[in-house]
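The listed protein sequences derive, respectively, from chains V and L.
According to the numbering used here, the stretch in the first sequence is residues 1 to 280, in order.
According to the numbering used here, the stretch in the second sequence is residues 281 to 966, in order.
Note that these hints are calculated values from the structure, not bench results.
A quick note: this is a predicted structure, and the numbers were derived from the prediction, not measured.
Be aware that a few hints might be false.
As the list claims (entries may be wrong) - Taking lysine to aspartate or glutamate and the DMTMM-like style, the derived pairs with C-alpha atoms no more than 20 Å apart in a straight line are:
1. L:K636 - V:E251
2. V:K174 - L:D604
3. L:K470 - V:E76
4. L:K485 - L:E582
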Amino acid sequence: MQPYDMEVGAGTFHPATTLRSLGSRPWAAAYVQPSRRPTDGRYGENPNRLQHYYQYQVLIKPSPPDLQELYLGSLEAIGIDMALHDIRFVEDDWESPTLGAWGLGWEVWCDGMEVSQFTYFQQVGGHDCHPVSGELTYGLERLAMYVLGVDHVMEMPFNDPQNPIALTYADVFKQTEEEYARWNFDVADTEVLLRHFEDAEAACASILAQEATDPKTGKRIIMAHPAYDQCIKASHLFNLLDARGVISVTERQAYIGRVRALAKKCADAFVMTEAGGFKA
Amino acid sequence: MPDLLIELFSEEIPARMQARAAEDLKTKITNGLVEAGLTYSGAAGFSTPRRLTLTVHDLPEESPLVREERKGPRVDAPEKAIEGFLRGTGLNRDQLSIRDEKKSQVYFATLETPSRPAAQIVSAVVENVVRNFPWPKSMRWGSGPLRWVRPLHSIVCLLSDESGAKIVDLDIDGLQAGDSTCGHRFMDPKRFSVSSFEDYTAKLKRSFVILDASERAEAIWQDASNQAFALGLELVEDRGLLAEVAGLVEWPVVLLGRIEDQFLDLPPEVLQASMKEHQKFFSLRNPKTGRIEYFATVANIETADQGATILSGNQKVLAARLADAKFFWENDLRIAKSKGLTPWTDSLENVTFHNKLGSLKQRVDRIAGLAMNIAPFVGAEADLAAQAAQVAKADLASEMVYEFPELQGLMGRYYASAVGLPDAVAQAAQAHYSPLGPSDSVPSEPVSVAVALADKLDMLTGFWSIGEKPTGSKDPFALRRSALGVIRLMLENGITLPLKKAFALSESKIDVSDLLGFFHDRLKVFLRDQGLRHDIIDACISLEGNDDLLLVVKRAKALSEFLASEDGKNLVQGFKRANNILTQAEEKDGVEYSYGADVKFAQSDEERGLFAALEAQSQVITSALKQEDFAKAMQGMAALRAPVDTFFEAVQVNTDNEVVRRNRLNLLSLIRSTCRAVADLTKIEG
Numbered sequence: 001m002q003p004y005d006m007e008v009g010a011g012t013f014h015p016a017t018t019l020r021s022l023g024s025r026p027w028a029a030a031y032v033q034p035s036r037r038p039t040d041g042r043y044g045e046n047p048n049r050l051q052h053y054y055q056y057q058v059l060i061k062p063s064p065p066d067l068q069e070l071y072l073g074s075l076e077a078i079g080i081d082m083a084l085h086d087i088r089f090v091e092d093d094w095e096s097p098t099l100g101a102w103g104l105g106w107e108v109w110c111d112g113m114e115v116s117q118f119t120y121f122q123q124v125g126g127h128d129c130h131p132v133s134g135e136l137t138y139g140l141e142r143l144a145m146y147v148l149g150v151d152h153v154m155e156m157p158f159n160d161p162q163n164p165i166a167l168t169y170a171d172v173f174k175q176t177e178e179e180y181a182r183w184n185f186d187v188a189d190t191e192v193l194l195r196h197f198e199d200a201e202a203a204c205a206s207i208l209a210q211e212a213t214d215p216k217t218g219k220r221i222i223m224a225h226p227a228y229d230q231c232i233k234a235s236h237l238f239n240l241l242d243a244r245g246v247i248s249v250t251e252r253q254a255y256i257g258r259v260r261a262l263a264k265k266c267a268d269a270f271v272m273t274e275a276g277g278f279k280a
Numbered sequence: 281m282p283d284l285l286i287e288l289f290s291e292e293i294p295a296r297m298q299a300r301a302a303e304d305l306k307t308k309i310t311n312g313l314v315e316a317g318l319t320y321s322g323a324a325g326f327s328t329p330r331r332l333t334l335t336v337h338d339l340p341e342e343s344p345l346v347r348e349e350r351k352g353p354r355v356d357a358p359e360k361a362i363e364g365f366l367r368g369t370g371l372n373r374d375q376l377s378i379r380d381e382k383k384s385q386v387y388f389a390t391l392e393t394p395s396r397p398a399a400q401i402v403s404a405v406v407e408n409v410v411r412n413f414p415w416p417k418s419m420r421w422g423s424g425p426l427r428w429v430r431p432l433h434s435i436v437c438l439l440s441d442e443s444g445a446k447i448v449d450l451d452i453d454g455l456q457a458g459d460s461t462c463g464h465r466f467m468d469p470k471r472f473s474v475s476s477f478e479d480y481t482a483k484l485k486r487s488f489v490i491l492d493a494s495e496r497a498e499a500i501w502q503d504a505s506n507q508a509f510a511l512g513l514e515l516v517e518d519r520g521l522l523a524e525v526a527g528l529v530e531w532p533v534v535l536l537g538r539i540e541d542q543f544l545d546l547p548p549e550v551l552q553a554s555m556k557e558h559q560k561f562f563s564l565r566n567p568k569t570g571r572i573e574y575f576a577t578v579a580n581i582e583t584a585d586q587g588a589t590i591l592s593g594n595q596k597v598l599a600a601r602l603a604d605a606k607f608f609w610e611n612d613l614r615i616a617k618s619k620g621l622t623p624w625t626d627s628l629e630n631v632t633f634h635n636k637l638g639s640l641k642q643r644v645d646r647i648a649g650l651a652m653n654i655a656p657f658v659g660a661e662a663d664l665a666a667q668a669a670q671v672a673k674a675d676l677a678s679e680m681v682y683e684f685p686e687l688q689g690l691m692g693r694y695y696a697s698a699v700g701l702p703d704a705v706a707q708a709a710q711a712h713y714s715p716l717g718p719s720d721s722v723p724s725e726p727v728s729v730a731v732a733l734a735d736k737l738d739m740l741t742g743f744w745s746i747g748e749k750p751t752g753s754k755d756p757f758a759l760r761r762s763a764l765g766v767i768r769l770m771l772e773n774g775i776t777l778p779l780k781k782a783f784a785l786s787e788s789k790i791d792v793s794d795l796l797g798f799f800h801d802r803l804k805v806f807l808r809d810q811g812l813r814h815d816i817i818d819a820c821i822s823l824e825g826n827d828d829l830l831l832v833v834k835r836a837k838a839l840s841e842f843l844a845s846e847d848g849k850n851l852v853q854g855f856k857r858a859n860n861i862l863t864q865a866e867e868k869d870g871v872e873y874s875y876g877a878d879v880k881f882a883q884s885d886e887e888r889g890l891f892a893a894l895e896a897q898s899q900v901i902t903s904a905l906k907q908e909d910f911a912k913a914m915q916g917m918a919a920l921r922a923p924v925d926t927f928f929e930a931v932q933v934n935t936d937n938e939v940v941r942r943n944r945l946n947l948l949s950l951i952r953s954t955c956r957a958v959a960d961l962t963k964i965e966g
């Protein structure tokens, strides 16, 4: 599949994962997802921390019994030699308070570096997952650095070094990391962000408040995806506000609760659609 | 007699759950076997990241036949009663026997639990245990209903003896027990069959799996120590980390790496926290420089390049982590040095401490006010104490503490020093959290003591004022720990600051006697752990001045010694006798005998002797108490023992002569009041 065309914090936010992990219908998807984490900005100086990076995301429902072997096979396929490296599955229970979701699994370590998240979804948007989806999230920069033997993300070749216009990761992203770090941390207009947050919240609710039956076509059309777009927006706006440092500890919980309420409503709506396993 | 071998093979079990799970497997299975009538001679549980294993020795071939006789109703009992008995036993009337008992005929049922083969019992017990295993967190996977800590893949369940091994017939949601398992995930993943526990452990080892976690931990520790020694370094001990790491590997391989020079100037605690928290690395100290200069990481695999690739990968990750820590450290220092700690203390305004108790900034202000008032009692300069309290929690707003919350206080000390605040202030930033528990050390530097006391008293009076008191096992704000902290601070520093006065220094409106009672309960627990009897503490707490903890404890210790002596034990008996007679008389007469004893109504030498002793000793006691010399006061009581004893041997208190009787009762009350000045002996047991 293709990346989702909105700002998200992780590949999990793509509706192909969040919404499709709900309901009983089998599903399998894989895609690259550009991800934004405003608080992780380091002005492009940290060797492997970025406010904008790429994830490769896999979701399989129901989780196959050999998911670990499949996963290790994928590492072999990109050139990681299992006989030379130390691959470890280290407990990391995944929880997304904003999505009302949790699962059990691991972060996968390659020589001490976290290269993937491996999760068996147990609950999404407040709904128990039946069957359970297996989710694999690969950190693409980290894996590429590994395979290419590069120590700093910015030094990584972005295209073929033999290409007449050879570019490094720095050529492509160093400046944007600086620009966004400054904007995220110090400049973004918090009042505007706040207003947008509230708009998205209201829009989500009003989309879902519509009748299930479309008056124009007479069809049953529940708009789970458009509503979920607003949830994604609210979530990213919250992350920006957080990076600006204007959210206190107590407020934080309240904001997370508000986003979660949207995610839950969207999940409730999705399971009432055909893709969500609803049978009329 | 057969041995039982069980292996539950799954995807990676969280390290922190493994030891407990191995233990649970052992108890649950063996309990189940015993309940079903199978005895055994020994059992042991083991865990690795991917398996839980249990071996049980010497099970019988089958459970014994059990016969139980149950007595029923009389033969002529109502039909309903007989039917009920039949239902309860599951028998029909022909199967009952009838016996004569006490001139009537009574039904008896003989119930038999038939003998069952061990394999059948094992199968049922294992299935039940797997389905109801007490994992702290468990999950489902795929489409099945089974729950386990992570997907469960195979089960070995074997009964083996000299004649061979037999697979126990067991099927849990399609997962069938067998006799095969596999080795190390990468070094030797092939499946192999096993025939007994010995065969199993030997084959595992050949396949690069050490079954026993303690053996793995020992191997890690030995290997890391030896390698450190070879480089002239010391391995920093960390038992918790060792146990965790032993739970992350089946085949431990220790690799030592050097920390890049550019990070060696980070505070050692930051290095350690960063390496431990994120990478599970051990720290290695260079004894010559006192710095942490190397790390030890534990891999799960032997490689053709002797771990070179793995080590360099780990070094890179560490460099990135430390670059982050350095970024926080330098950013924090830049802010602190250019603007002081004020931006941080101000930003605590935005952090809610508790919705009824305001922001963290408000709490800090309260602590500062308290610390200033407490200062004179602990020998600290008031202004310095207030200043220290104001900055003590500044580091909570720093980036480093945001990233590593466990470094709170410590970073505060570094930052306070960096901005040139006095040593005592910087020290207090770290020390004011102490003592954190019964074994944590207690600060002694006066400014630290003042802030530490203020910090805890604000917690207690604050939460008391909004009615958030600990109940039963619930103590979400760790108020018991705070009270214990106050107690230890006062006792170990010899601080005289009566609690009522201390409470009054805070602005919170509280039920003083309730909070004082809470302190007394904590004090009892604390002193009991030091071997002081609770009744002795009670005897001291029920007196005036009981809010002065130092006084209470001094008194209690003296009393404890006194009661251990012969004089002490006898005096208490004499006192109780006096008190009993007095109480009975007071109840009977409806008056209180409290004064007016006059030696001129004394009729015997013993009586006069007691008068004289009381007069002399009460003076001794009064002056001793004034000087808080409790040992001397106890000596005064000890001197009363002989006269009191002789008095009771020779004198009958209740005589017909009312005047004499009343005089003697008043004399007894003099014993009571004299002793009572020292301790409330009515509380002493036995």
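Going through the hints against the structure:
no., hint, verdict
1, L:K636 - V:E251, "holds, 15 Å"
2, V:K174 - L:D604, "holds, 17 Å"
3, L:K470 - V:E76, "holds, 18 Å"
4, L:K485 - L:E582, "holds, 14 Å"
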